[in-house]
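Just so you know, the protein sequences line up as chains A and B, in that order.
Just so you know, we're using the numbering used here here: the first sequence kicks off at 1 and counts up by one.
Just so you know, we're using the numbering used here here: the second sequence kicks off at 1 and counts up by one.
A portion of the hints provided could be inaccurate.
[As the list claims (entries may be wrong)] Sample of chain A residues at the chain B side, in silico, Cβ under 7 Å:
(1) Leu9
(2) Ile11
(3) Gly32
(4) Ser40
(5) Ala41
(6) Ala42
(7) Ile53
(8) Trp148
(9) Ile154
(10) Gly156
(11) Leu167
(12) Pro266
To be clear, the hints were calculated from the coordinates, so they are not data collected in a lab.
Even for Gly, the Cβ is constructed at its ideal location relative to N, Cα and C.
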Amino acid sequence: MKTYIAQRLGIAILTLFGMSVVIFVMLRLAPGDIVDVLFSAAGYVNPSEKQAILKELGMDKPYWRQYVEWITQIFHGDLGKSYRYDLPAWQIIRPLIPVTIELAILSTIVAVVLGVPTGIISAVRQDSALDYVMRVFSLAGLSMPSFWLGMVIILGLVSWLGWIPPLTYVKPTENFWLHSVQFLLPALAVGYRSSALIMRITRSAMLEVLREDYIRTAWAKGQNERAVVWRHALKNAVLPVVTVIGIEFAFLIGGLVVTETVFNLPGVARFLVEAILWRDYPIVQNLVMFIAIVVILSNLAVDLLYGVLDPRVRYAS
Amino acid sequence: MRPRTMMFLAAGLAVSGLLLGGVPAIGQAPARAPRSGGVLTLAQREETPQGFAIHETSTVSTTWPAMPCFSNLVLFDPLKPQESTDTVIGELAEKWSWQDNYRNLVFFLRKGVKWHDGQPFTAKDVKFTFDMLREAPDAQGKLRINPRKDWYTNLQNVEAPDPHTVIFHLKRPQPSLLLMLASGYTPIYAAHVPPANYRTACVGTGPYKLKEWRKGEFIEYVKNPDYFVKGRPYLDAVKYVIIKERGTRIAALQAGQVDAAFPGDTSKTTAEQLKKAIPQMVITRAAENVNENVIMNTKKPPFDNVKARLAVAHAIDRRSLNQAVHQGGAAIGVSMPSRPWGVWGILDKDLPALAGYGKPAEEKAAARKLMAELGYTPDKPLKIEIVTRAIAIYVDMASFIINELKQVGIEASLKQIETAQWHAMATRGEYQIGANLTGIGIDDPDANYYENFACNSPRNYTFYCNEQIAAMLDKQSAEIDPRKRLALVLEIQKKLEAEGARPTLDWRVDNFANWPHVKNLVPHNNFYNYGRLQDVWVDK
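Next comes chain A alone, as it looks inside the complex:
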C-alpha cells in the first residue's frame, strides 16, 4: 500500500509539472495581458507606457525564464505577486480556499444524501411509479443548469420572503446560523444537480448487481430485503458510485463559478474566472495548480477507498 501511494504521488508530481507547462503556455497564448486590461480600465493604450509596465511586472523577460522563476518560487513556498492587486498571491488565494472546499463538501453531501438512497429505491422498485417519479426528479436535476436554479432560488426568496442569504462571507464563528444558510442554499442548488447523476449511476449499478447469482442466492436463503440490498447489493454496487462522487467533488472545486457568482460567495472558481479575464497570471497559475492538486488527491482517495470497500482490490507492491 505504501509503495502504491508513493508511486501515485510520484506520478502526481509529474502530472503537476505537465499541468504547470500547459497552464503557463495557454495563458500566454490567450490574446491580451494584464497591461491591456489595466489600460482598458483607463480607456486607452499607450505603447511606451505599456512597455514600462511590462518591465515593472517582469513580463518583458523570455517566457522560459518567467516559467523557471515561477516554479522556483513555488519550491520556495512563494506563489508570487498578483499583478492586479500588487499583493502576495497567497494573501489573495488563502481566504478563497475554505469557502470553495466547504461549498464543495456540502454540495457533495447533499448529492450523496439525495442521490444514493433514491438510486437504491429506484433500482429496488424498478418500473414502479416510485421509480418513474425518481427518474423524472433526477432528469430534472440533470437538465436544470445550477446557475439558473440558483437564480430562481434567489428570486423566489426575495419575491416571497423579501429576504436573501447574506452576500458577504459570514464566518461560522461570527454567526453559525447565517453561515449555514449562506452555504446550504447554494449547496442545495449544486447538490441537486450532482445528485441526479449519482442517482442514475447508483440505480444502474444496483440493477446490475441485483441480477447477480449471489443476490438470488441471498433471496433464496430467506434474507430480508434490507439485508439483501444494504449488506450484499450495495456493497458490490458502490464502486462506480464512489468513482462518480470523487469525480464530481473534484469538478466542483473549479466548477462552482456560476453558483459562487449568483450567491456571491468569494470562492476559488469565481476568483479564477476574474483572474483569467484580468490575465493575472500568478493568481491563475496558482489557482489552477491548486485545483489540479485537489483533483489528483481526490482521485487517489477514491482509489484507496476501493481497497477499503472491496477486499478483492489489492495494490501491488
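The hints should help you fit chain B onto chain A, whose structure is shown.
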C-alpha cells in the same frame, strides 16, 4: 364661552400653529433634520480596478467606491443634480479666484486639514498632484497610467507660494478648468504617499477612512473623526458590497441588503419592476454622461470616405434604437447631451436637420442614396465587420445597428471583442466600424472633445483629424463669454455630425434606485461625480 366664540378661537389657534410651525405642502411630510449615525450599504458591480487610484482609471467602478476617501479642491454641490459652474463648491479650497483674464486660477486652501494618517494637508500636496497629472518634467510623483493627461495640456505650471495658496498658471484662458477640478476624477493625492499605494489602500482627506478592503467582497469605510467639515459626515460607516451578478444585485436591493443601487445599473424596465415590488422605492432619473456611439476608422476603407460615414449616420434611427434597446429610457442627442441632461447640447428642435435625426424613411432613403453613389445597394451590399465589446449592453446596441445597416446596403457581421483586447484593438485601429460607449467626466466640451475628437488623442479611436475643428476646439476652450462659447460648441456639434465623425446614438439615463431611508443621496446628471457621501444620512 359661547360655542361660536370657541370655534373662532380654535380656528385662530390652528392658524397660529401653522404659521409658527411652518406649513408643510399638502400630502408632504415635513423634512427631517439630518441625524448622525448608521451604516449605508451600497451595491458595487465589480471589483474596483486599480483599487483607489482614481487618477489611473476611467471608470465609475473606481470613482464610486473611492470618492468617500478623498477630497478635491472643489466639487460639484452634492445636493444639486445638474452640474455647472454655478454648482461648484469649495472642498479643500475655501475660496478661489480667476485672475489675468482666466489665465491664472488662485485657490486659498483650508487650514487645519489632515490626511487620514495624521499628516497635515498643504499646498504642496496640490502641486504634487497636478505636476504628476500634467507629467511635469520635475514632477515628484509619476502615474503608471494617466488617462486624463489631456485635461491638463493647457496647464503651464502649478505654484505653491505658501502652504495655503495654490496658483494654476495656464498657457491660455480656459474656464473649464474649474469644472475639471470639481470632477470625481480629480481628487488630491498626498505628496508623502507614493501614487502606487493608492492601488492597494487609500490615504485621503475625505469624510471616510478606509477600514477594510476584502478583495472581491467589499470595501468598508468608517467616519473620519477629523474631517474638516464639522458635523460631517453623518454616517458612521459606508460599505460597498461587490456583487457581480446583476440579478443578485437587484435582489439584494429589493431585499434591503443594500440601500442603494450601483449608478447606471438600473434600466427603465428594472426600475419599473422594483417599483412594483417595493412601491416606496425611490427612483430618480439622472443622466450618466455616457453616450452610445459608432466609431468608424477614418484611416481605412470604406469609412475613410465621408459618404460612407454619413450613410451609417443616416441609417440608424435613434428613436427606434432608444425604444428597442432602452425601452424609451435613453436621451436623444449629439456629441454633447441636451437639456435637461446637459447644458451644451443642440436643442431638440434643431436635431431633425442632422443626419439620423429626421424622419426614419427619409433618413434611410438618404443613406441608400449615399451608398448608391459609392456603388452599393441592398442587392449588392457593402460587407463589413462591426466590432463591439463582449458585454451585453454593447451587444444589444450593435445588434440593432446591424439590422439598421442591412436596410441601406451594408451587411455587417458582429465580432465580439473581450475587454482585455478592446482598447488595444481600437487604439491600433484594427477595425472598420464599432459600436462603442463613451463616458465623460464632466459636462463640458473640453473634457469630451479633447479626449475623443482631438487629433492624436489616444482615445480618438476613429483617428478623425480636422484642422478646422481642432482650431474651433481651442477657440471655444479659451472663450470666456458663456454665450459665445455655447454658440461655438453648437457649431462644432453640427460640423462633427456633418462629417460623420463619431455619430452619437443616444445618451444613457440611469434610473437610480434607493430605499427611502437614504437621505441626501442626490444622483447627478453625471454618475462619476456624486460619490462623496459627506451629506448622506440614513433615517432608520
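* Classify the hint on A/Ile11 as holds or violated, based on whether any CB of chain B lies nearer than 7 Å to its CB. => violated, 34 Å
* Proposed interface contact between A/Ile53 and chain B, which counts if any beta carbon pair is under 7 Å -> holds, 6 Å
* Asked: Does A/Trp148 meet its interface restraint, that is, does its C-beta lie within less than 7 Å of any C-beta in chain B?
  -> violated, 11 Å
* To do: With a cut-off of 7 Å on the beta carbons, see whether A/Ile154 makes it to chain B.
  => Given a least distance of 5 Å, the restraint on A/Ile154 holds.
* Given A/Leu167 was flagged as interface, is its beta-carbon under 7 Å from a beta-carbon of chain B? -> holds, 6 Å
* To do: Verify the interface restraint on A/Ala42: the C-beta must sit less than 7 Å from at least one C-beta of chain B.
  => Holds, because the Cβ-Cβ distance from A/Ala42 to chain B comes to roughly 4 Å (cut-off 7 Å).
* Asked: If you take the shortest Cβ to Cβ gap from A/Ser40 to chain B, is it below 7 Å?
  -> holds, 5 Å
* Asked: Against chain B, is A/Gly156 within 7 Å by beta-carbon distance?
  -> violated, 10 Å
* Holds or violated: is there a CB of chain B closer than 7 Å to the CB of A/Leu9? -> For A/Leu9, the interface hint is violated, since the closest Cβ of chain B sits about 33 Å away, which is over 7 Å.
* Does the interface hint hold: is A/Gly32 within less than 7 Å of chain B, judged Cβ to Cβ? -> holds, 3 Å
* Hold the hint about A/Ala41 up to the distance rule: shortest CB distance to chain B must be less than 7 Å. => Because about 4 Å separates A/Ala41 from the closest Cβ in chain B, which is inside the 7 Å limit, the hint holds.
* Measuring from the C-beta of A/Pro266 to each C-beta in chain B, is the shortest one below 7 Å? -> Hint on A/Pro266: holds, closest Cβ of chain B at ~5 Å, below 7 Å.
Violated hints, listed in ascending order, are 1, 2, 8 and 10; each of the other numbered hints is respected by the structure.
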